[in-house]
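Enquirer: Work out the full structure, taking the sequences as your base and the hints as a guide.
Number of protein chains: 2
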Amino acid sequence: MKMKMEQALGREIKKARESLQKSQEELAFDAEVHRTYVSLIERGQKSPTLAVIARLARALRMKPSELLRRVEAQFEQSKL
Amino acid sequence: MKMKMEQALGREIKKARESLQKSQEELAFDAEVHRTYVSLIERGQKSPTLAVIARLARALRMKPSELLRRVEAQFEQSKL
Numbered sequence: 001m002k003m004k005m006e007q008a009l010g011r012e013i014k015k016a017r018e019s020l021q022k023s024q025e026e027l028a029f030d031a032e033v034h035r036t037y038v039s040l041i042e043r044g045q046k047s048p049t050l051a052v053i054a055r056l057a058r059a060l061r062m063k064p065s066e067l068l069r070r071v072e073a074q075f076e077q078s079k080l
Numbered sequence: 001m002k003m004k005m006e007q008a009l010g011r012e013i014k015k016a017r018e019s020l021q022k023s024q025e026e027l028a029f030d031a032e033v034h035r036t037y038v039s040l041i042e043r044g045q046k047s048p049t050l051a052v053i054a055r056l057a058r059a060l061r062m063k064p065s066e067l068l069r070r071v072e073a074q075f076e077q078s079k080l
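Line by line, the protein sequences are chains X and W.
With the first letter of the first sequence counted as 1, position 47 gets the number 47 in this note's numbering; the numbers rise by one all the way through.
With the first letter of the second sequence counted as 1, position 76 gets the number 76 in this note's numbering; the numbers rise by one all the way through.
Worth flagging that the hints you see were computed from the coordinates, not collected in a lab.
Heads up, simulated DSSO-like pairs for lysine-lysine below, C-alpha to C-alpha not over 27 Å straight-line:
| hint | chain 1 | residue 1 | chain 2 | residue 2 |
| --- | --- | --- | --- | --- |
| 1 | W | K14 | W | K63 |
| 2 | W | K4 | X | K63 |
| 3 | X | K46 | W | K4 |
| 4 | W | K15 | W | K46 |
| 5 | X | K4 | W | K63 |
| 6 | W | K15 | X | K63 |
| 7 | X | K4 | W | K46 |
| 8 | X | K63 | W | K46 |
| 9 | W | K63 | X | K46 |
| 10 | X | K4 | X | K63 |
| 11 | W | K63 | X | K15 |
| 12 | X | K14 | W | K63 |
| 13 | X | K4 | X | K46 |
| 14 | X | K46 | W | K46 |
| 15 | W | K63 | X | K63 |
| 16 | W | K14 | W | K46 |
| 17 | W | K22 | W | K4 |
| 18 | W | K14 | X | K63 |
Expert: Structure below.
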């Protein structure tokens with residue numbers, strides 16, 4: 001089954017959040033988004049806007065392009 | 001004045017579209033978005049979702065991460 005890009009983004013955000021030992025609540029606070037929204041994004045159930053992607057990336061201490069680069073890498077792997 | 005990320009994205013999309021000699025209508029068709037939406041995005045008046053960014057990037061023959069990399073480069077320059 002082809003993985004949706006939103007699911008790949010959700011996984012990368014969760015992975016980066018956990019590696020910083022942040023809870024969803026902490027990430028939500030740092031990125032100025034609602035906690036339930038972080039949960040939806042991590043599960044790939046929302047396609048966040050550029051503005052939200054940028055705020056999440058900043059809170060995860062990476063550039064938005066780096067976050068998408070990781071998403072693409074995962075996305076490519078899922079096609080194997 | 002600080003440039004908004006959406007405006008930087010709009011400029012990069014327009015630049016890439018023009019370098020491919022595509023009209024807004026053609027880009028909209030290729031990316032499966034409405035033409036008026038392309039116009040709003042190019043003017044930085046909408047923050048497109050990941051799904052739309054991915055479709056626009058594909059239609060512009062680049063990876064989403066490459067599009068954001070260009071946005072960041074422009075964004076950095078605007079701070080000078």
